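Chain residues, written in single-letter form:
There are 4 protein chains.
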Amino acid sequence: MSKLTVQARDVEVLVLDVDGVLSNGLLIYSDNGEETKTFHPADGLGIKLLQSQGVAVAIITGRLSRIVEKRAAELGIKHVIQGREDKLQALEGLLTELKLDLSRVAYMGDDLPDLAAISQAGLGMTPADADPFVMEHADWCSRHPGGRGAVREACEFILEARGLLAGLRQGFLEGTGL
Amino acid sequence: MSKLTVQARDVEVLVLDVDGVLSNGLLIYSDNGEETKTFHPADGLGIKLLQSQGVAVAIITGRLSRIVEKRAAELGIKHVIQGREDKLQALEGLLTELKLDLSRVAYMGDDLPDLAAISQAGLGMTPADADPFVMEHADWCSRHPGGRGAVREACEFILEARGLLAGLRQGFLEGTGL
Amino acid sequence: MSKLTVQARDVEVLVLDVDGVLSNGLLIYSDNGEETKTFHPADGLGIKLLQSQGVAVAIITGRLSRIVEKRAAELGIKHVIQGREDKLQALEGLLTELKLDLSRVAYMGDDLPDLAAISQAGLGMTPADADPFVMEHADWCSRHPGGRGAVREACEFILEARGLLAGLRQGFLEGTGL
Amino acid sequence: MSKLTVQARDVEVLVLDVDGVLSNGLLIYSDNGEETKTFHPADGLGIKLLQSQGVAVAIITGRLSRIVEKRAAELGIKHVIQGREDKLQALEGLLTELKLDLSRVAYMGDDLPDLAAISQAGLGMTPADADPFVMEHADWCSRHPGGRGAVREACEFILEARGLLAGLRQGFLEGTGL
Chain A
25 MSKLTVQARD VEVLVLDVDG VLSNGLLIYS DNGEETKTFH PADGLGIKLL
75 QSQGVAVAII TGRLSRIVEK RAAELGIKHV IQGREDKLQA LEGLLTELKL
125 DLSRVAYMGD DLPDLAAISQ AGLGMTPADA DPFVMEHADW CSRHPGGRGA
175 VREACEFILE ARGLLAGLRQ GFLEGTGL
Chain B
25 MSKLTVQARD VEVLVLDVDG VLSNGLLIYS DNGEETKTFH PADGLGIKLL
75 QSQGVAVAII TGRLSRIVEK RAAELGIKHV IQGREDKLQA LEGLLTELKL
125 DLSRVAYMGD DLPDLAAISQ AGLGMTPADA DPFVMEHADW CSRHPGGRGA
175 VREACEFILE ARGLLAGLRQ GFLEGTGL
Chain C
25 MSKLTVQARD VEVLVLDVDG VLSNGLLIYS DNGEETKTFH PADGLGIKLL
75 QSQGVAVAII TGRLSRIVEK RAAELGIKHV IQGREDKLQA LEGLLTELKL
125 DLSRVAYMGD DLPDLAAISQ AGLGMTPADA DPFVMEHADW CSRHPGGRGA
175 VREACEFILE ARGLLAGLRQ GFLEGTGL
Chain D
25 MSKLTVQARD VEVLVLDVDG VLSNGLLIYS DNGEETKTFH PADGLGIKLL
75 QSQGVAVAII TGRLSRIVEK RAAELGIKHV IQGREDKLQA LEGLLTELKL
125 DLSRVAYMGD DLPDLAAISQ AGLGMTPADA DPFVMEHADW CSRHPGGRGA
175 VREACEFILE ARGLLAGLRQ GFLEGTGL
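Residue numbers (the numbering used here), protein chains in the order written: chain A, 25 to 202; chain B, 25 to 202; chain C, 25 to 202; chain D, 25 to 202.
Quick caveat, the hints were computed from the structure, so don't treat them as lab data.
This one's a predicted model, so the numbers in the text were calculated from it and none came from an experiment.
Honestly, I wouldn't trust all of these hints.
Because identical chains share one entry, a pair is satisfied inside a single copy or across any pair of copies.
35 angstroms max Cα-Cα, derived DSBU-like pairs, lysine-lysine [what the hints assert, rightly or not]:
#, residue 1, residue 2
1, K94, K72
2, K102, K72
3, K27, K72
4, K27, K123
5, K27, K102
Use the sequences and the hints to build the structure in full.
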């Protein structure tokens, strides 16, 4: 078993950045002041699959948006930390609350503010279109870009390391689903 | 005549998933609570061409959206089933109503919740950007991604199998259209 | 001088389809009933350059949208025909009004409803992502997709055929612009 | 040290066009009259990094939009000049105010109205998807398209020329950030 697989197998919480990871890296502004974000249903299903197997999912983002709350609620994500540029400190606060060690965390981010968390988490992950310098410090990089399948891939990577992916897929083939 | 052509020729209803198939795979959320979906006019024309030749088109989606009703109404799609994650059961209910057998159904979906329906329909179809595991269980995969031409290709594949595509195109060349 | 250059040189009006040509091929619907279209500033500049040299620009579209009126007004396009699926007949009506022959028309469209007009116009044009069957019947195809530079390329092709492009570019280099 | 590096090292203000540079080149119009623009968080971080090192950032755009004011305010950009098609003159006015010479300006634009400014600025820059004729007259072209990383690359290019990029990245790795 590779070191990377061991790291993935031991993950107890997947922590996600929003812009460029759970959402694509676009800030969409209307001239009436409205903001819009886009999400991907395949990422949402990945998160639900992971949660169904007892792995928690959390969000830490530097910006503030009601949209993130709505999407988190849809996906049953309970830990949503917004408005924190100091992501490593925010992550450490979350881990104290969850009584978990950094070695049990998979952290997925795409840019410099995520770098310290990616570098110190047990499993540092980036989407395919992350900042190149951040990518160099990650343990794992997805083939799909952020907001378009990167999170799904990350979830499946963790499920596969635990030997759970094939069984979950078989359930859908038989029509029993989740 | 290939087995695939025979399957396509016998199709009496094309059943479509929405997110990732009829719409591109993006959930677009505004901070005022509004949701947005994108559709493709070329897909719409494909659906109208298919309907004009007596093949029905239906929609089954796991989510709920007024946008889907609006787009379905524009395209003359009468059978619209929303909010059903159990897609195979929803499909079976529709077929009872239409007095049709699964062998006469083309079902196009892109992710695990569509897998049982794709695998049991007479013609299982996926867009080019479907989940790889789902693609393995489909009979046919489009070259265009979902929400950007995949449905048009599916409609033309069925029309071609029935020997109807060339005549329809000729009508447009002569300016008589549909 | 190639036959294509001669056709382009003699063009007195460029007629554009909207969805898939002047706008990208996406219908963006909100659940409050709002519709959105996207345009490209580079296409807009191409239209202004062409008009500045005495070539008219017109729009014929099968759909109906206030957005098209707004964009046409911004670009100084006076001839805007909406809600016409019978595009060749709509084009013929426009030409009667403009006292022009079909041989003096460049028509750019992307799908089957445009096919008769493309095939009969003096210069039939399509964007890079047009329907393949329609492309086969066009005289010219852009390298850029619709709504993302296809119209700019079409305008520059006509200006180049008239020997006007280099001079226009030089004006911008010298800061005199249009 | 290459001539290009010297040009970049001496830059005291980075001046940005909006559509096609700071925003992607799409004009998004709703049928209720609303306009939307998209921005990229990675570009925003690049601007903040550059400003933190004493290089000013300014905006000159031919269009008028409240969205630009909002995005500029978020990023701490004080010099925002809108509604000016005569960009070189607008730039000269700004330089008088800032008491700077054209040789100390990096100007990034993507189309013909930017050409004179790009050609006369100390460092003329374009995104990867700029007009080809404009690109020929630029000193530097990004690998990323406008509105999706081009501005970030431009900022990092200037920081690298000043020997500041590695230190800034190291700060993020250590979790001290900006």
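Hints, verified against the model:
| no. | hint | result |
| --- | --- | --- |
| 1 | K94 / K72 | both (15 angstroms within a copy, 29 angstroms between copies) |
| 2 | K102 / K72 | both (12 angstroms within a copy, 32 angstroms between copies) |
| 3 | K27 / K72 | within (26 angstroms within a copy, 37 angstroms between copies) |
| 4 | K27 / K123 | within (24 angstroms within a copy, 55 angstroms between copies) |
| 5 | K27 / K102 | within (30 angstroms within a copy, 49 angstroms between copies) |
Hint violations for this structure: none, all hints satisfied.
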